[in-house]
Amino acid sequence: QQQVKQSPQSLIVQKGGISIINCAYENTAFDYFPWYQQFPGKGPALLIAIRPDVSEKKEGRFTISFNKSAKQFSLHIMDSQPGDSATYFCAASSRGGSEKLVFGKGTKLTVNP
Amino acid sequence: NAGVTQTPKFRILKIGQSMTLQCAQDMNHNYMYWYRQDPGMGLKLIYYSVGAGITDKGEVPNGYNVSRSTTEDFPLRLELAAPSQTSVYFCASSWVTETQYFGPGTRLLVL
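Protein chains in written order, with my numbering: chain X, 1 to 113; chain Z, 114 to 224.
Extracted from the complex, chain X is given alone in its bound form (with noise of 0.2 Å):
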């Protein structure tokens, strides 16, 4: 049973365009939600997290939006750059569970030229 549900799988956005990438989870328990970046041949490394006491996060152009009654958190990425070009993975975890992250299956953005 998947528990944090992410979409799309795949996004082509044009340079200087917004991408947004959109999570759901089911476990009210969960009480941080992270995104990590991975390129291509590297491992994921973490871009920006959010807990619940809060509806939204910013860090440079990266923003979490975060719907604590839909249980639904998004990632937007503003002024998109070919550079940002890589998979995106949302994830979440509860204290009680010893740090133990749950993955999103990711998403692959694409950002043209």
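No lab work stands behind these hints, which were simulated from the structure alone. Honestly, I wouldn't trust all of these hints.
Listed next, with one range per pair, are the computed distances between beta-carbon atoms [said to hold, decoys possible]: (1) Z:GLU172 x X:ASN22: 17 to 27 Å; (2) X:PRO82 x Z:ASN143: 33 to 43 Å; (3) X:GLY41 x Z:LEU193: 44 to 54 Å; (4) Z:ARG190 x X:MET78: 42 to 52 Å; (5) X:GLU26 x Z:GLY116: 24 to 34 Å; (6) X:ASP79 x Z:PRO217: 25 to 35 Å; (7) Z:GLN135 x X:GLY83: 27 to 37 Å; (8) X:LYS57 x Z:GLY164: 38 to 48 Å; (9) X:ARG95 x Z:ASN175: 24 to 34 Å.
Cβ atoms here follow ideal geometry from the backbone N, Cα and C, with glycine treated the same way.
Use these hints to put chain Z onto chain X, whose structure you have.
Chain Z in isolation, oriented as in the chain X frame:
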């Protein structure tokens, strides 16, 4: 700091062979993890450890074993390799926070 290192980078195994994937971290993290990544399937947790001498199963532990004799090292053992174990394997570590730091991965092909 080197962070999380993994060896080898790539390996071809024949069915039934065994091997050990090495993972080391120099950040003094107490938590360490092994994931496998298959195309379109995200990251699946194989085993994890909350400290030296303590390990536990993740979501997909069958066919694998781990040990954690030191804080720094967390090797993953494959016994009797099967084609279903063809994957990219990532090791990660973290302190008592959720931020996990990943290694560069080991690509394994079982033929």
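Hints and how they fare:
1. Z:GLU172 x X:ASN22: 17 to 27 Å: Hint holds: Cβ distance 23 Å, inside 17 to 27 Å.
2. X:PRO82 x Z:ASN143: 33 to 43 Å: For ASN143 (chain Z) against PRO82 (chain X), whose Cβ atoms are near 38 Å apart, the range 33 to 43 Å holds.
3. X:GLY41 x Z:LEU193: 44 to 54 Å: Since the Cβ atoms of GLY41 (chain X) and LEU193 (chain Z) sit about 28 Å apart, the hinted range of 44 to 54 Å is violated.
4. Z:ARG190 x X:MET78: 42 to 52 Å: 45 Å, holds
5. X:GLU26 x Z:GLY116: 24 to 34 Å: The hint (24 to 34 Å, Cβ to Cβ) holds, given that GLU26 (chain X) and GLY116 (chain Z) are roughly 33 Å apart.
6. X:ASP79 x Z:PRO217: 25 to 35 Å: Check passed, 29 Å falls within 25 to 35 Å.
7. Z:GLN135 x X:GLY83: 27 to 37 Å: 31 Å, holds
8. X:LYS57 x Z:GLY164: 38 to 48 Å: 30 Å, violated
9. X:ARG95 x Z:ASN175: 24 to 34 Å: 28 Å, holds
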